[in-house]
Amino acid sequence: EAQVTQNPRYLITVTGKKLTVTCSQNMNHEYMSWYRQDPGLGLRQIYYSMNVEVTDKGDVPEGYKVSRKEKRNFPLILESPSPNQTSLYFCASSPRQLTNYGYTFGSGTRLTVV
Amino acid sequence: QKEVEQNSGPLSVPEGAIASLNCTYSDRVSQSFFWYRQYSGKSPELIMSIYSNGDKEDGRFTAQLNKASQYVSLLIRDSQPSDSATYLCASPPGGDSWGKFQFGAGTQVVVTP
Chain G
1 EAQVTQNPRY LITVTGKKLT VTCSQNMNHE YMSWYRQDPG LGLRQIYYSM NVEVTDKGDV
61 PEGYKVSRKE KRNFPLILES PSPNQTSLYF CASSPRQLTN YGYTFGSGTR LTVV
Chain D
1 QKEVEQNSGP LSVPEGAIAS LNCTYSDRVS QSFFWYRQYS GKSPELIMSI YSNGDKEDGR
61 FTAQLNKASQ YVSLLIRDSQ PSDSATYLCA SPPGGDSWGK FQFGAGTQVV VTP
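Chains G and D supply the protein sequences, listed in that same order. FYI, the numbering for the first sequence is 1 to 114, going by our numbering. FYI, the numbering for the second sequence is 1 to 113, going by our numbering.
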């Protein structure tokens, strides 16, 4: 089944404890992206990647890191999480022609930082 | 300024009626537009895409694009309670911002029996 898989689905952590949210897609998509969603603020792009080793900042990159060492994987790293990073996170992927296909989303990761 | 703007709603629609959602965008170079549906706590799901001026129909959904006026709309005919969700308008900007894909804040639709 074609899908974008995120793990974990739910995560509660403490301030300052490094964490990684994994994202994997099995559709051989070139584009991958991370979004966070907060009430009243909608979906905001954190980082995106066009292909292996090619990444760029979205609208809210502060406090996050990403890497794209393999085409299928695009992990999101929070080096020192803070409570304001409590949010619902989505990973998404798209074929090369982003403007024709749009993004397919993973199921989401609900992160709580205490 | 957000590049993609939507009314947040909620938009209350009687069952069986037509729901009309609007979205405006600021980037004149944008070439394609997408409508996503998102149920509470779930991930966005693509329901329509449109690239050319005019109407595009898919089942009970019709997307309308007017590039001169920079708006795109979504009509949901014969609305059902299962259509109650938040609808997100999205577009990748033109030019060399190849990876950016911005969403509007979403319009909440509530279909009342």
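Don't read these hints as lab results, they were simulated from the structure. Quick caveat: nothing in here was measured; it's all calculated off a predicted structure. Positions of the beta carbon are idealized from the N, C-alpha and C atoms, including for glycine. Please note that the accuracy of each hint is not assured.
Stated by the list, open to error - Residues from chain G that face chain D, not an exhaustive set, calculated with beta carbons under 10 Å:
#	residue
1	Asn28
2	Leu41
3	Glu62
4	Tyr64
5	Phe90
6	Thr104
7	Gly106
8	Gly108
To be verified - Listed next, the in silico DSSO-like pairs over lysine-lysine satisfying Cα-Cα at most 30 Å (straight line):
#	chain 1	residue 1	chain 2	residue 2
9	D	Lys42	G	Lys18
10	D	Lys42	G	Lys71
11	G	Lys69	G	Lys57
12	G	Lys71	G	Lys18
13	G	Lys69	D	Lys56
14	D	Lys67	G	Lys17
15	G	Lys57	G	Lys71
16	D	Lys56	G	Lys57
17	D	Lys42	D	Lys100
18	G	Lys18	G	Lys69
19	D	Lys67	G	Lys57
20	D	Lys67	G	Lys65
21	D	Lys100	G	Lys18
22	G	Lys71	D	Lys100
23	D	Lys42	G	Lys57
Said to hold, decoys possible - What follows is a set of in silico ranges between Cβ atoms, one per label pair, in the way DEER data are often shown:
#	chain 1	residue 1	chain 2	residue 2	range
24	D	Asn66	G	Asn73	25 to 33 Å
25	G	Leu41	D	Gln70	18 to 26 Å
26	D	Asn7	G	Asp38	14 to 22 Å
27	G	Glu79	D	Tyr51	35 to 43 Å
28	D	Arg77	G	Val14	25 to 33 Å
29	D	Ser26	G	Pro39	21 to 29 Å
30	G	Gln3	D	Asn7	19 to 27 Å
31	D	Ser82	G	Ala2	19 to 27 Å
32	G	Thr20	D	Ser26	30 to 38 Å
33	G	Lys71	D	Pro113	29 to 37 Å
34	D	Arg60	G	Lys71	17 to 25 Å
35	G	Asn84	D	Asn66	34 to 42 Å
Hints and how they fare:
no.: 1; hint: Asn28; result: 17 Å, violated
no.: 2; hint: Leu41; result: 7 Å, holds
no.: 3; hint: Glu62; result: 17 Å, violated
no.: 4; hint: Tyr64; result: 15 Å, violated
no.: 5; hint: Phe90; result: 6 Å, holds
no.: 6; hint: Thr104; result: 7 Å, holds
no.: 7; hint: Gly106; result: 6 Å, holds
no.: 8; hint: Gly108; result: 5 Å, holds
no.: 9; hint: D:Lys42 x G:Lys18; result: 26 Å, holds
no.: 10; hint: D:Lys42 x G:Lys71; result: 25 Å, holds
no.: 11; hint: G:Lys69 x G:Lys57; result: 17 Å, holds
no.: 12; hint: G:Lys71 x G:Lys18; result: 24 Å, holds
no.: 13; hint: G:Lys69 x D:Lys56; result: 39 Å, violated
no.: 14; hint: D:Lys67 x G:Lys17; result: 47 Å, violated
no.: 15; hint: G:Lys57 x G:Lys71; result: 18 Å, holds
no.: 16; hint: D:Lys56 x G:Lys57; result: 33 Å, violated
no.: 17; hint: D:Lys42 x D:Lys100; result: 22 Å, holds
no.: 18; hint: G:Lys18 x G:Lys69; result: 20 Å, holds
no.: 19; hint: D:Lys67 x G:Lys57; result: 28 Å, holds
no.: 20; hint: D:Lys67 x G:Lys65; result: 36 Å, violated
no.: 21; hint: D:Lys100 x G:Lys18; result: 27 Å, holds
no.: 22; hint: G:Lys71 x D:Lys100; result: 18 Å, holds
no.: 23; hint: D:Lys42 x G:Lys57; result: 25 Å, holds
no.: 24; hint: D:Asn66 x G:Asn73: 25 to 33 Å; result: 40 Å, violated
no.: 25; hint: G:Leu41 x D:Gln70: 18 to 26 Å; result: 23 Å, holds
no.: 26; hint: D:Asn7 x G:Asp38: 14 to 22 Å; result: 19 Å, holds
no.: 27; hint: G:Glu79 x D:Tyr51: 35 to 43 Å; result: 40 Å, holds
no.: 28; hint: D:Arg77 x G:Val14: 25 to 33 Å; result: 50 Å, violated
no.: 29; hint: D:Ser26 x G:Pro39: 21 to 29 Å; result: 24 Å, holds
no.: 30; hint: G:Gln3 x D:Asn7: 19 to 27 Å; result: 32 Å, violated
no.: 31; hint: D:Ser82 x G:Ala2: 19 to 27 Å; result: 24 Å, holds
no.: 32; hint: G:Thr20 x D:Ser26: 30 to 38 Å; result: 35 Å, holds
no.: 33; hint: G:Lys71 x D:Pro113: 29 to 37 Å; result: 47 Å, violated
no.: 34; hint: D:Arg60 x G:Lys71: 17 to 25 Å; result: 37 Å, violated
no.: 35; hint: G:Asn84 x D:Asn66: 34 to 42 Å; result: 39 Å, holds
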